[in-house]
Amino acid sequence: MRIGVIGGGISGLTAAYYLQKKGHTCVVLEASDRTGGCIQTEKIDGRLLENGPNSLLFSDDHLSLIKELGLEDQLQEAADVNKDRFILRNGKYNVLPSGPLNFFSNKFFGWNTKLKIITEYFRKNNAKSENESLYDFFERRFNNEVCDYAVDPFVRGIYAGDPKQLKIKASFPSIYNAEKNHGSIIKGMIQLRKENKANGVAVKRKTAYSFKDGIQTLTNALANKVDVSYNSEVESLTIVDDIFSVKTYNNEFLFDKVIICTPPEATSKIVQFLSPKTAEKLEQVFCPPMCVVHSVFSKEASQNTPVGFGGLNPSVEKTFTAGSIWSSCIFPNRTTNDEVLVTSFVGGAHTPENAKLEEGNIKNSVGNELQSTLGFTDQPVYQKTHKWRKAIPQYDQNILNLWETMEKEPIPNLYYSVNWKDGIAVPDCIEKSKKLVEDQF
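If you're matching positions, the sequence shown starts at 67 in my numbering and goes up one per residue.
Simulated from the structure, these hints should not be mistaken for lab results.
A quick note: this is a predicted structure, and the numbers were derived from the prediction, not measured.
Please note that a few of the clues may not be correct.
[To be verified] Below, simulated BS3-like cross-link-like pairs (lysine-lysine); rule was C-alpha separation at most 25 Å, straight line: (1) K335 - K149; (2) K323 - K500; (3) K323 - K487; (4) K260 - K278; (5) K149 - K272; (6) K109 - K365.
[Claimed, not checked] Using C-beta positions, here's what the derived DEER-type ranges look like: (7) Q445 - E470: 42 to 52 Å; (8) E138 - N210: 19 to 29 Å; (9) E470 - N243: 14 to 24 Å; (10) E424 - S364: 19 to 29 Å.
Here a beta-carbon is modelled for each residue, glycine too, at the ideal position from N, C-alpha and C.
Work out the full structure: start from the sequences and follow the hints.
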């Protein structure tokens, strides 16, 4: 049996790796001259810059893959300050509560909001619709303050999204099901832990990691283990006598089964002949533009800046950036000892127009904002940008419509392992590809 994997990002490479482990013959068709997709590490003048994910939340299951790839000595655990997350409020960064005791003493939320959070356990499910937005869901369960200063900034950080557009059952299904099945979020989560304990299911504790030479270490290692055909953009996918014919610019591949691991726009083109309705829905998936801005400051200019994982900016604060990761706080090797590296994010669903500005304007705006909000006493000594024309797929109504359409026109032996379904994070993509291979091949 010959299997084709279309797309050489983390999903495609992981699928190919586990297929080969099971003894299958497969080839990864990658449109560009590199693998990794959105995972992209650059090394410039002693600085390690991540244009995609900055860290990975790994459980023991993920670490077993790292061990198989022989990357244990390259793995790098985040510094302890990783647990300190900040939210901008009234122009200043405030650390979020990190535990029950700290929750009461921390002044980030007012007492009315604290009371709303504490008593959520006792409030019944009063949902008027099964298709609520994230904002409507959390406003109903808590209040506006939670939505504006917790939900909104975290959604900007995870999805680069707008909580008033994203759907709760698509983007956070475990929270949605907790309330639906048990009446409240807290009650549902407690019950889930009890059920897992009774069934002997261990809680998967996750830790933030990177690699000494950057996250692209992982995709490079996977690519070295599998057969990759580079510069092989798929122009058509058809079926002839139960065999998939995949045509690229200068070649044709014949497969018994195919796994698609490409972004919505590329996937729409690939399946247009086999699944025209799915292709149409894929065109409607919103992936807002994003510009990643790396700013390096001298240590002298950062004497009064906070230390932690990073800061998120609620949309009500009207900032230029969605937030920033304080990269060299988490992984000190990201730059030299006399420098500080901050990675900022511009654009997303709230302000897509910002990501489309000229590079010079973006750099100036980011530099000025970091001085104002983080307290740097001078402009950056170095900046670099990377623009993503289409970044993270939004789990909104359009994507729900897509999933529904896909269920109505399945194609035998054609599978998907993608970040626009069932989770966008890199660890999610690894788990989905591994499970797909285990279940279907």
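Restraint status (C-alpha distance of K149 to K272 at most 25 Å): Judged against 25 Å, a Cα distance of about 12 Å means the pair holds.
Given hint K149 paired with K335 - CA-CA distance at most 25 Å: Between K335 and K149 the Cα gap is close to 42 Å, so the pair fails against 25 Å, i.e. violated.
Status of the given 19 to 29 Å range, CB of S364 versus CB of E424: holds (26 Å)
Cβ separation of Q445 and E470, checked against the hinted range 42 to 52 Å: holds (50 Å)
25 Å limit on alpha-carbon distance, applied to hinted pair K323 and K500: holds (16 Å)
Range hint compliance [Cβ, E138 to N210, 19 to 29 Å]: violated (46 Å)
Beta-carbon spacing of E470 to N243 - inside the hinted bounds 14 to 24 Å or not: This hint holds: roughly 18 Å between Cβ atoms.
Satisfaction of hint between K278 and K260, Cα-Cα up to 25 Å: violated (38 Å)
Distance restraint between K323 and K487, which requires alpha-carbon spacing of 25 Å or less: holds (20 Å)
Distance restraint between K109 and K365, which requires alpha-carbon spacing of 25 Å or less: Satisfied, since the Cα-Cα distance of roughly 20 Å is no more than 25 Å.
Consistency with the previously given hints fails for numbers 1, 4, 8, ordered from lowest to highest.
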